[in-house]
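Participant: Each chain is listed here by its residues.
Number of protein chains: 2
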Amino acid sequence: MKSVSLYDTTLRDGTQGEGFQLSMLDKLRIAQRLDAFGVDYIEGGWPGSNPKDIEFFQEAAKLDLKHARLAAFGSTRRANVAVEDDGQVKLLLEANTPVVTIFGKSWELQVTEVLRTTVEENQAMIRDTCRHLKEHGREVVYDAEHFFDGFKDSPEHALATLQAAADGGADCVVLCDTNGGTLPSEVMQICMQVKERIPDTPFGIHTHNDCELGVANAIAAVKAGGAQIQGTINGYGERTGNCNLTSVIPILQLKMGIEVVPNLEGLQSLSHFVDDISNNPHFARAPFVGRTAFAHKGGMHVNAVQKLARSYEHIEPGKVGNSQQILVSELSGQSNILIKAEQLGVPLEKGSDEAKAILARVKELENEGYSFEAAGGSLELLILRQLERYEKPFELKEFHTSYRLYRDGHQPVCEATVKIFVGDEAEYIVDEGHGVVNALDRALRKALIRFYPEIEEVSLLDYKVRIVDGHDATAAKTRVLVVSGDGESSWGTVGVSENVIEASWIAIVDGIDLFLQRKRRAGQA
Amino acid sequence: MKSVSLYDTTLRDGTQGEGFQLSMLDKLRIAQRLDAFGVDYIEGGWPGSNPKDIEFFQEAAKLDLKHARLAAFGSTRRANVAVEDDGQVKLLLEANTPVVTIFGKSWELQVTEVLRTTVEENQAMIRDTCRHLKEHGREVVYDAEHFFDGFKDSPEHALATLQAAADGGADCVVLCDTNGGTLPSEVMQICMQVKERIPDTPFGIHTHNDCELGVANAIAAVKAGGAQIQGTINGYGERTGNCNLTSVIPILQLKMGIEVVPNLEGLQSLSHFVDDISNNPHFARAPFVGRTAFAHKGGMHVNAVQKLARSYEHIEPGKVGNSQQILVSELSGQSNILIKAEQLGVPLEKGSDEAKAILARVKELENEGYSFEAAGGSLELLILRQLERYEKPFELKEFHTSYRLYRDGHQPVCEATVKIFVGDEAEYIVDEGHGVVNALDRALRKALIRFYPEIEEVSLLDYKVRIVDGHDATAAKTRVLVVSGDGESSWGTVGVSENVIEASWIAIVDGIDLFLQRKRRAGQA
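Line order of the protein sequences matches chains C and L. The opening position of the first sequence corresponds to residue 619 in our numbering, with each subsequent residue numbered one higher. The opening position of the second sequence corresponds to residue 619 in our numbering, with each subsequent residue numbered one higher.
Warning: the hint list may mix true and false statements.
Heads up, the list lumps identical chains together, so a pair's fine if it works in one copy or across two of them.
[Said to hold, decoys possible] Straight-line C-alpha distance at most 27 Å; calculated DSS-like pairs for lysine-lysine:
| hint | residue 1 | residue 2 |
| --- | --- | --- |
| 1 | Lys1015 | Lys958 |
| 2 | Lys1010 | Lys752 |
| 3 | Lys770 | Lys958 |
| 4 | Lys841 | Lys752 |
| 5 | Lys813 | Lys841 |
| 6 | Lys813 | Lys620 |
| 7 | Lys770 | Lys841 |
| 8 | Lys841 | Lys873 |
| 9 | Lys620 | Lys684 |
| 10 | Lys813 | Lys670 |
| 11 | Lys974 | Lys958 |
| 12 | Lys708 | Lys670 |
| 13 | Lys873 | Lys770 |
| 14 | Lys873 | Lys813 |
| 15 | Lys813 | Lys752 |
| 16 | Lys813 | Lys981 |
| 17 | Lys670 | Lys1037 |
| 18 | Lys708 | Lys1015 |
| 19 | Lys670 | Lys680 |
No wet-lab data here; the hints were simulated from the structure. It should be emphasised that the depicted structure is a prediction, and the values quoted were computed from it without experimental measurement.
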């Protein structure tokens, strides 16, 4: 038996977050991944508040989960209604899950002002509902809403609600920092009092991130003897989100010696899976799993990391499925490039002419305003070009863009022409778009597709523009960063020029070029 | 004297973060905002590692900061070199700042493996450098790199390095969790030992967010008697970022009763300003300042919030300049606009029709992708236009831009035509430039100059482009931020459109328009 269990509520509390919506299929897929990863409880939804959640539990019953137990979420019976007659409690039983989690009010203020009933009736609601669910063979988790705020107002009232749940037979009482306003020192102190007062029922913790302390508060509760952590993958949830399990899990396992999952290496992949399923961008700076979580930029740091990885890495990145990233920047020396080349499968020797030539070219481009930090694709092309393992897929002859804005009702008119050669064959194509860059991108693809039909797979995922040195204003250099993808992977490319159109052109062309180079190399291999 | 001072390193450690680059003008503007907000120390850069930072300190000296003290950052002298002869230490003094912060090694492993010198020489390097800087009249902050890792390996060695700094006269020793791998319970315990061992020198804390505990660790240090918190706005910084001051400040002030700034209401605006200046998107779920930090989605929550805001809000959102998102009350968000109008000398009455109309227009534009945080000039024009105290200086009839790139040696050809009316007089002008936006800016000025010769004084100081929603790539909306100046003051204006040329046009026109409006109002006054 684990000393701390993981209770995931991504599918329920997570979906309270803005921009985090899941279809039933999404929820089923996430549930399977959570199970495979080793989460103990999966809260699937609230049958009483959402008819879709009833369907979910019907489908989820067929999933054949290996380890995790499904939980249906709901509230205690209403005031002044027998628990057997409460429709919402009936739906909880009909969800037919091994676990039922109910929440009740632990803050006296909430009982009188929001629920508008008496303290005694509130306790009876908690006790009756727990007992009723236990009588129907469920494992019962009691979520004490607003527990910490309630405790700070009136410890006696708050503890009495937990006692009511324990008397009703709850298997675990969970202390909720519903508003996310409690500090770790308070959590620790209050948890210790709970443990003393209600020693025979394990307690859990449910925190929110409103003070950027969601993870710290969960850890504090575990330190005080907590036996269950509720949270979500990537911290999705209402307002600022729930306790981020993606950070809590490695902390427990790697820092506190509490084994909660059989294998941490799937952590980054699980995190990205949930982002992708919910169509949210990855947060680059996310602890443990973010793209830059083990990225080193300063030349001094890079140097030290090579001498001794522990210098700037608190854990070995591979333990959570992540990897060290060396950012090639103005602050860096040759070591960054050697590592990058190694990752590409084209190892360079330190101090070799090739390595020197590549570094010189990188520095030269950086002086022109290039930055390869988020444009590994352009760096890959630069290395390939320098190594003469590169064949140019097409030759640009000329392009032209035109944009005309009328103030008399007309839509703006925007078009691009592209003239290219592939070998000896010329193509001269015009297309239009929402803006000059969009028009140019469309014209280029239209011109290339008959030579390289595979570029159909590539699309532009992101497009960012910045001015490299603002001093000369519009005459200054523009840096365009493009992210392209083919459904399986994505890559960044960069272009710099005195004007945004040419910079965009360079980045877009490199994005397509790299795709074609990789296809060719894969075909040769 | 404050019991805890705020030390901001957004301009130095922040810029170690991926995608967080600042020009010198950006750095100067941020420094002014930090000063106005009430931050105590502003670490501006590392003169020894970056020639741009030397220039920064020259310019920053002219800023006339009201409260904050500027700090130059660097390292101790090198091993086996007299401190007077160390070039990097010389550059620190030449930066001519009231404060100098130096870092040294507190982890024995780092001394032997990375620095490759002896423990004794390392302590001498720390002591000598502190003493030398004190002799030159500087306030000296000593950053003990890897302090917690070092302490865990060898408490005696780690404490001896702090003692060396104290012996050298350091005004504050700062315990750095350089790798971000330490837990709050460890921070608390170690800080208490530091306080006991080195009672006469105040200690500070510098944390990183690698375990999502950057804020919690800083708070733990303050609980243990810490007197300074180092961090960055929005938590920018290497890897997962630094301690997020944007969360720490309201926690100290609202939760712990430690006053650190005179007025918290500018917090959200400061946070968004730094995002906009660095051309980064706002993180919606950011505690305190995020767009969804006080957003209520669950129907039950909305209901409860209406009955009792404290139900799901740990603080009053207005205290940090944020607002509740569901209950868009007629009065919400108005205060910023009232303050701005007051500053313009056109005071509005709270709740008046004029104030409501202006607020409605701001919300409408924000929905279209506008952001006024770094574009006070556009907000000023919006208010003037709504108040009907506005005379349009010219009427656009049409503009056209053309860009042609040849690969056969030719320079790209880029021109713009502008057709405008001033009163009944038409002007139809063509000009060329480095890019389409530059050409357009030149053509517009050329067209206006015979009507408004004073625009000779105005120039474009900065030009930034970002894509408001990256999902549709080049077809998404573009936001252009322009900073114009007349040598005495500078002002920001913003334009949004599906294409960068029109967005630029809007922002450039507003920049000139505002200048003309101000001239006219000054002439009338």
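Participant: Look at each hint and say if it fits the structure.
Facilitator: Tested hints:
For a Cα distance limit of 27 Å, the shortest separation of Lys1015 from Lys958 qualifies neither inside one copy, at 32 Å, nor across copies, at 52 Å. Within a single copy, Lys1010 and Lys752 get their C-alpha atoms no closer than 59 Å, and across copies no closer than 60 Å, so neither meets the 27 Å cut-off. With identical chains, the CA atoms of Lys770 and Lys958 are never at most 27 Å apart, being 52 Å at best within one copy and 33 Å at best between copies. Taking CA atoms no more than 27 Å apart as the test, Lys841 paired with Lys752 passes in neither setting, with 29 Å inside one copy and 43 Å between copies.
In the homo-oligomer, the alpha carbons of Lys813 and Lys841 lie at most 27 Å apart both inside one protomer (12 Å) and across protomers (24 Å), since each shortest distance falls under that limit. For the homomeric pair Lys813 and Lys620, the shortest alpha-carbon distance inside one copy (18 Å) is at most 27 Å, but the shortest distance between copies (38 Å) is not. For the homomeric pair Lys770 and Lys841, the shortest alpha-carbon distances inside one copy (20 Å) and between copies (19 Å) are both at most 27 Å. Taking the closest pair of Cα atoms, Lys841 and Lys873 come within 27 Å of each other both inside a single copy (12 Å) and across two copies (22 Å).
For the identical chains of this complex, Lys620 and Lys684 are intra-copy neighbours only, at 16 Å inside a copy versus 56 Å across copies, given an alpha-carbon limit of 27 Å. Taking identical chains as interchangeable, the C-alpha atoms of Lys813 and Lys670 are never at most 27 Å apart, the minima being 38 Å within one chain and 57 Å between chains. In the homo-oligomer, the alpha carbons of Lys974 and Lys958 lie at most 27 Å apart inside one protomer (14 Å), although the nearest pairing across protomers, at 55 Å, exceeds that limit. In the homo-oligomer, the alpha carbons of Lys708 and Lys670 lie at most 27 Å apart inside one protomer (16 Å), although the nearest pairing across protomers, at 69 Å, exceeds that limit.
Proximity of Lys873 and Lys770 under a CA criterion of 27 Å is satisfied inter-copy only: 13 Å between copies versus 31 Å inside one chain copy. For the identical chains of this complex, Lys873 and Lys813 are neighbours both inside a copy (24 Å) and across copies (25 Å), given an alpha-carbon limit of 27 Å. With identical chains, the CA atoms of Lys813 and Lys752 are at most 27 Å apart within one copy only, with a shortest distance of 22 Å there and 52 Å across copies. Within a single copy, Lys813 and Lys981 get their C-alpha atoms no closer than 51 Å, and across copies no closer than 46 Å, so neither meets the 27 Å cut-off.
Neither within a single protomer nor between protomers do Lys670 and Lys1037 lie at most 27 Å apart by alpha-carbon distance, with minima of 41 Å and 42 Å respectively. In this assembly of identical chains, Lys708 and Lys1015 lie within 27 Å of each other by CA distance neither inside one copy nor across copies; the values are 59 Å within and 54 Å between. When the C-alpha separation of Lys670 and Lys680 is checked against a cutoff of 27 Å, the pair qualifies only within one copy, where the shortest distance is 16 Å, while the shortest distance between copies is 63 Å.
In summary, the numbered hints that this structure violates are 1, 2, 3, 4, 10, 16, 17 and 18.
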